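Q: Protein sequences appear in the order of chains A and B. With the first letter of the first sequence counted as 1, position 245 gets the number 245 in the numbering used here; the numbers rise by one all the way through. With the first letter of the second sequence counted as 1, position 65 gets the number 65 in the numbering used here; the numbers rise by one all the way through.
Some hints here could point you the wrong way.
[Said to hold, decoys possible] Below, a list of computed lysine to any residue pairs in the SDA-like style, where the Cα atoms sit at most 25 Å apart:
1) K203/A - Q285/B
2) K203/A - R287/B
3) K4/A - N117/A
4) K4/A - P186/A
5) K203/B - Y286/A
6) K4/B - L145/B
7) K4/A - C316/A
8) K4/B - T306/B
9) K203/A - G317/B
10) K203/A - N117/A
11) K4/A - S33/A
12) K203/B - T306/B
13) K203/A - P214/A
14) K4/A - D43/A
15) K4/B - P118/B
16) K203/B - Q285/A
17) K4/B - D288/B
18) K203/B - R287/A
19) K203/A - D288/B
20) K4/B - E31/B
21) K203/B - D288/A
22) K4/B - E116/B
23) K203/A - D233/A
24) K4/B - D313/B
No lab work stands behind these hints, which were simulated from the structure alone. If you're wondering where the values come from, they're calculated on a predicted model, not measured in any experiment.
2 protein chains.
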Amino acid sequence: MAPKRTLIVDCDTGIDDALALLYLLGDPGVEISAITTVFGNTDAETAALNTLRVLELAGRSDIPVAVGALSNWCGEAHLAPYVHGSDGLGNTNLPAPATAPCDEPAAELIVRLARENPGTTHLLAIGPLTNLATALLLEPELPDLVEHVTIMGGAVRHPGNATPASEANIHNDPEAARIVLRAGWPVTMVPLDATMGEVLTEKHQQRLAECGSPVAAFTSTILQQYFDFYERDIFGERRAACHDPLAAAIAAGDVVPVLAPVVPTDVDTGNGPGRGATVADVRGQYRDFPTQEGANVRVVLETDRTFPEMLVDRLCGAPEPTQRVA
Amino acid sequence: MAPKRTLIVDCDTGIDDALALLYLLGDPGVEISAITTVFGNTDAETAALNTLRVLELAGRSDIPVAVGALSNWCGEAHLAPYVHGSDGLGNTNLPAPATAPCDEPAAELIVRLARENPGTTHLLAIGPLTNLATALLLEPELPDLVEHVTIMGGAVRHPGNATPASEANIHNDPEAARIVLRAGWPVTMVPLDATMGEVLTEKHQQRLAECGSPVAAFTSTILQQYFDFYERDIFGERRAACHDPLAAAIAAGDVVPVLAPVVPTDVDTGNGPGRGATVADVRGQYRDFPTQEGANVRVVLETDRTFPEMLVDRLCGAPEPTQRVA
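Chain A on its own, in the form it takes in the complex (with noise of 0.2 Å):
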């Protein structure tokens, strides 16, 4: 049996992060040695009490979760309450966990845990990048410590979300999203060109609500917010995006991509219509994407399309959690 993949999740819980976090703590392949929070779907304190429910729902209250960035380093913290709810999980509402977060700071904590473990960490980020870029500043050699890096972010051929040009993941702080992709490690990129394709509709959701898993129950309840704002700003129809969930899929090695080609991509960081693009070069698109110089992020463009299956199927697969306390 091949080891098992050694993730930290950098996340803004947030409704799909949820989604990507059940997925994963189900993941045979994967073990998650602690989760770290960022302002973006909601402010990083909230992110990190959602990320504490989602463990106790899940009876993985064992993992550390940390807190980090409040805000960029332009002190600006966009947060979207009308996508993921007042509260983050969909106007849900829940009672306060159990558990707290641990006293470390984010950045400080994977700077930490990449010291540990070198060479065997995969980072997932599924928020804004200001922690990766923090834990870059804390400790240069980074890079030289860390696996890989998947991102959920970004928008090629894709408008953004944000902006017409920006994702907003990266809109929220592109000079620490340019720091990410510059930094030399292997970068994995998963941008709106991906995650729009794979979509969660209501017969998704119907399975969900019946197929009787409480973690499964759970995410069906919490897409109720997230469906009512994609029908009314982006579909028209009751139907979501699978943002963060399809990056973890990728990170975890489940979902591998139709289309990734590994490309000269930069973070537009000026203050005019295109900040926070990510400004990635597939002009070899008819070619099959020739090798360039100064390739430095593997762009997700294209996947098959078939993930909310294999996610719907995961979380009702989810057994009646039993509590492993740390």
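Got chain A sorted already, so can you dock chain B onto it with the hints?
A: Below, chain B alone, put in the same frame as chain A:
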């Protein structure tokens, strides 16, 4: 019979500019009142000489040709001899034209004709937008004097060609493009999204070579260099996109786009990796592009991909020239 559509064509002739001009010169529904030239595919003076050569070939030396901007306002001019040949017409090294450009500068000619024919002139710009922006500075009322502006330029969901994010015409003068898009006149932008889908093949070139019209034979010859470039740098095959001719056919009303939402559109004039990008808000793509505040540009995202046939038919139908000299 509908009245003829009166066009002023601003161009940087150029292989595909030559095709566009010859297409329009054979269009019974179009009258070209003047042609102005700008740096781009080649320098503005060579572009004027090439335009005169094309007019002589078509027997239309009665149309005035005016030389315009030699560079953008930053003093830069990125020419493209590797695409269009060192003479701009595929290294055919034709003899000097018998006719000469007029003395009036391009921007002044545009302003004068617009004032003389208020509300009836359609500007077709198929090079960098320096002349149009200069004309707007000379005559701030120009938007009220012109019926419509059609531009070949930009890239929205398609990658750029000059840089990963920017198309060559816009990249050559982003500040001018921003002025033109923001001027408050009706603008149709024909970006790479549309033009890269309308592709001339070797079969088309063969038809042009064999059909017997001198105009068609000339276009077949200049396509040789164009195919060389496209084979080497773009498609890996001997075929080429119909950039300027497609914009011309849309301006003439001959091609009606399949998908062309009117959306807020701006140009990145920063100095980051997105400089020259046309940032069009196409986030409404999943909902048939609902009306948006600030919508200023009709962006042609798709045409039906049958234009190359129409172009070849037109060029093959071109009669032997009977010179009309002014």
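Q: Give a verdict on every hint.
A: Hint check results:
| no. | hint | in the structure |
| --- | --- | --- |
| 1 | K203/A - Q285/B | holds (23 Å) |
| 2 | K203/A - R287/B | holds (21 Å) |
| 3 | K4/A - N117/A | holds (14 Å) |
| 4 | K4/A - P186/A | holds (19 Å) |
| 5 | K203/B - Y286/A | holds (20 Å) |
| 6 | K4/B - L145/B | holds (18 Å) |
| 7 | K4/A - C316/A | holds (22 Å) |
| 8 | K4/B - T306/B | holds (24 Å) |
| 9 | K203/A - G317/B | violated (57 Å) |
| 10 | K203/A - N117/A | violated (42 Å) |
| 11 | K4/A - S33/A | holds (11 Å) |
| 12 | K203/B - T306/B | holds (14 Å) |
| 13 | K203/A - P214/A | holds (18 Å) |
| 14 | K4/A - D43/A | violated (31 Å) |
| 15 | K4/B - P118/B | holds (15 Å) |
| 16 | K203/B - Q285/A | holds (23 Å) |
| 17 | K4/B - D288/B | violated (32 Å) |
| 18 | K203/B - R287/A | holds (21 Å) |
| 19 | K203/A - D288/B | holds (24 Å) |
| 20 | K4/B - E31/B | holds (6 Å) |
| 21 | K203/B - D288/A | holds (24 Å) |
| 22 | K4/B - E116/B | holds (17 Å) |
| 23 | K203/A - D233/A | holds (20 Å) |
| 24 | K4/B - D313/B | holds (21 Å) |
Hint compliance for this structure: hints 9, 10, 14, 17 are broken, all remaining hints hold.
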